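Following the hints, put chains B and C with the ligands in place on chain A, whose structure we already have.
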Amino acid sequence: MIRFDAVTKRYPDGTVAVDELDLEAASGRITVLVGPSGCGKTTSLRMVNRMIEPTSGTIWLDDQDTATLPTHELRRKIGYVIQHAGLFPHRTIVDNVATVPFLLGTDKKQARRTAMELLERVGLPEHFAKRYPAQLSGGQQQRVGVARALAADPPVMLMDEPFSAVDPVVREQLQDEFLRLQQELGKTIVFVTHDIDEAIKLGDQVAVLRVGGRLAQLATPAELLSRPVDAFVAAFVGRDRGYRALGFADAGTLSTRDEPTVVLGAPIPTGTDGDSWLLAVDGAGAPQGWLDLGADFRGHDTVTDELLYRGGTLATQGSTLRAALDACLSSPSGRGVVIDEGGALIGTTTSREILDLIEAHEPERQT
Amino acid sequence: MIGDVFTWLTDWSHWTDTRFDTGIITQLLAHIRFCAMALAIAMVIALPLGLFIGHTNRGRWLVGAANALRALPTVGVLVLLTVIISPQFQGRTDTGFLIPTVIVLVLLAVPPILANTFAGVQNVDPGVRDAASGMGMTGPQVLFRVELPISLPLIFSGVRSAALQLIATATVASYLPLGGLGRFIYDGLAQQDYPQMIGGGVLVAALALLTDLVLSTVQRYVVSRGITGRYSTKQVGAPDPRLAVVTEAEGARA
Amino acid sequence: MIALADGASSSPLHFVEYFLDHRSEDLGLLWSHTWLSVVPVIVGLLIALPLGWVARRHRWTYPPIMSITGVLYTIPSIALFVLVPPLLGLDTLDPLQVPIALTVYSVALLVRVVADGLASVPEETTQAATAMGFRPLERFFKVELPIAVPVIAAGLRVAVVSNVSIVAVAGTIGLSNLGQLFTQGFQLSTPDAYYPPIVLGIVLCVLLAVVLDSAVVLLNRVLTPWRRAVRT
Ligand SMILES: Nc1ncnc2c1ncn2[C@@H]1O[C@H](COP(=O)(O)OP(=O)(O)O)[C@@H](O)[C@H]1O
Ligand SMILES: [Mg+2]
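Residue numbers (our numbering), protein chains in the order written: chain A, 2 to 368; chain B, 3 to 256; chain C, 24 to 255.
Simulated from the structure, these hints should not be mistaken for lab results. Keep in mind that this is a model prediction, so the values were computed, not measured. No false leads were slipped in.
Chain A is faced by these chain B residues, among others (derived, beta-carbon under 8 Å):
#: 1; residue: Gly129
#: 2; residue: Ala133
#: 3; residue: Met139
#: 4; residue: Val148
#: 5; residue: Ile152
#: 6; residue: Ser226
#: 7; residue: Arg227
#: 8; residue: Gly228
#: 9; residue: Tyr233
Non-contacting residues of chain C with respect to chain B, defined by C-beta distances greater than 12 Å in every case (computed):
#: 10; residue: Glu40
#: 11; residue: Leu50
#: 12; residue: Gly51
#: 13; residue: Trp54
#: 14; residue: Leu69
#: 15; residue: Thr148
#: 16; residue: Ala154
#: 17; residue: Val166
#: 18; residue: Pro169
#: 19; residue: Ile170
#: 20; residue: Trp249
#: 21; residue: Arg250
Think of the CB as a built atom: it goes at the ideal place given N, C-alpha and C, for glycine as much as any other residue.
Isolated chain A (complex conformation) (with noise of 0.2 Å):
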């Protein structure tokens, strides 16, 4: 656990970086800081290892005043990552993971097998150790940035926009590992962004501060979309918050209707009776998309991929409701496909019966 009490962050300048800010990030959890550039997130995150002191307050790292270590015992028991990485350029790969070890003074040996564990863990394949940080993508550099911050297995990690200088897929293949890892690991983490999408989608609660360095709303990423406090927290959570809360609301066990398939490359049916659209599976199941029969097939005998039509996205028996809901209105059909954990086909569903879902996980909004 980190606790921010009445901290104070004023730069010689005059600058009021972070003022007053109380804050709690529970162990083992993510806490993420959000907020327009220059609100104080770096400097926040900053003093809890202490690379910025605070000006008055104190910071508790579990029950332990962080102001009363020594700083480099306080940092090799808190894992950073930065923007760019912050890379050794002069050190391979393996070596920059086990830096820290190094330091510790851990049997070299040791400290190498365990980096290279590392290296596997955030997916690096073996023969990228022995590389220079410039041999690696800005994508690849990160992933050897959060190994490096997790070597000596510190309960701690802080992230200064560890993914923000990546394109915009890499970012997301990097959070979604990110999250993957958080999972196996389970450390207490302060994250720092200015992406409030990043923000919901990884926070298990997210700090939003406001230019002066204030705490303007804590709270889960739900919440944050359900019940902005104020004005600022609305608009910087931004539009759509209403459909975005779906995708933290529990669709449950959706309640499907069976649909006629047609398996890849079998012979086109004829005739239809109303409804063009058929949907179309792959010899496992698995649906592949929808074939409309009102559509011309001179020069087709049988069903063919590119036939398909492909927009439709799919629903996971027991995901969001944000997902079961973009699974029909994608449709062509209008019928939502729902899978199973496999991706194998359960059934369909509508629009209709997934608002009635939505109507009725209200409580939320109304209280």
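Using the frame of chain A, we list chains B and C with the ligands on its own:
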């Protein structure tokens, strides 16, 4: 003329000492001795100072002050110091000429080493420095495990530049009655023995080129491949690390 | 030579009197020193510009050009002075030997500086200029060269300041410039120290270096008005 120079250089009697003349080998060793001495002293002064100023960012004016020394004409300072110092050392020893020479050489070698060491530490990516202390390195650990190794290419270019200037200027030291390869140039000039004079020039140039070759080879082995970009043997045309500093840190030469 | 010392004080601070006593001679030395310090740099720059441009534009020429100029820059100045005449078939102690050697130096230093300066031009800028229809040569003079001015100016400062010192070295092998004041002082200093010409030489060299350096700085500012616009 080129043939005469070649003849002069390949005449073995010019290489060894005789009753009347000091040979090339002796003068070469004397030349190397001045330069090595001055380079060692300059490094002992400039390296720690540059590292300290770069790491703490305190005392930057010293770098500027050292750079201003470059406007001094080396020969003039050499003559001035000699005129001041040599009368204090009467007798048959060289000391009265050796001390001013070494002082001038040190004055010459300090600015490039100091400026490049400072620039090297300053140029370390702030993110890297931040990460280093964020992981719990103490100040000296950040300096010696991160900043120093990353600054090495610039430090080397400063030392190489200093070494070249020393070799050049130690030649001028023969303008005083002192040994070194410059002897052949000034004696050749005085005796109108131009093969000897040009032969001396060839020797000085060869020593400079060889020294730079040796230092660049050392640099190749000392600097991490992660910084030089020499990852595989296939890679060619890696940029010369001296490139980056020529405008900022290259100094006046004699 | 001895006559120079007649009646004059030998105190280091009396260099002004010394100057006034030998004004026309010293001004002559200063003039030739200035000429030797400036002209080779200008000629060197004129040669370095096309070479640096070639090194940037045809990447394969970069390593050989830089290696050759690097080797030239490594050769000590005094060695280059005495090597130039036999290599170029001039008389030993030809008046052109020092200017030629200094020009070689300036080229060696400035080729690299020009190439670096051109490399400092943002890729987008060159591409935008090309897209707007500049032909290569036009683009070089109207876009790339102006943007490279600050880097080139930094190199020029190094070149002129070091030239002032190197020219003095040429004085020790008999060329007429401020370096001769040191020779005079040295010769006049036996048996007793005679400082004025030595101090005068140092003072004039430093002044010359400072003036030339400031001239380059000023030129840089005149040529890059846009850099002053952003300074706050
Ligand atoms: N070293 C410093 N000196 C003075 N002001 C600073 C310093 N560092 C940050 N600031 C100011 O403090 C405020 C908060 O900065 P920071 O914590 O970096 O914001 P964020 O990370 O949220 O963008 C900004 O107004 C910034 O300009
Ligand atoms: Mg920040």
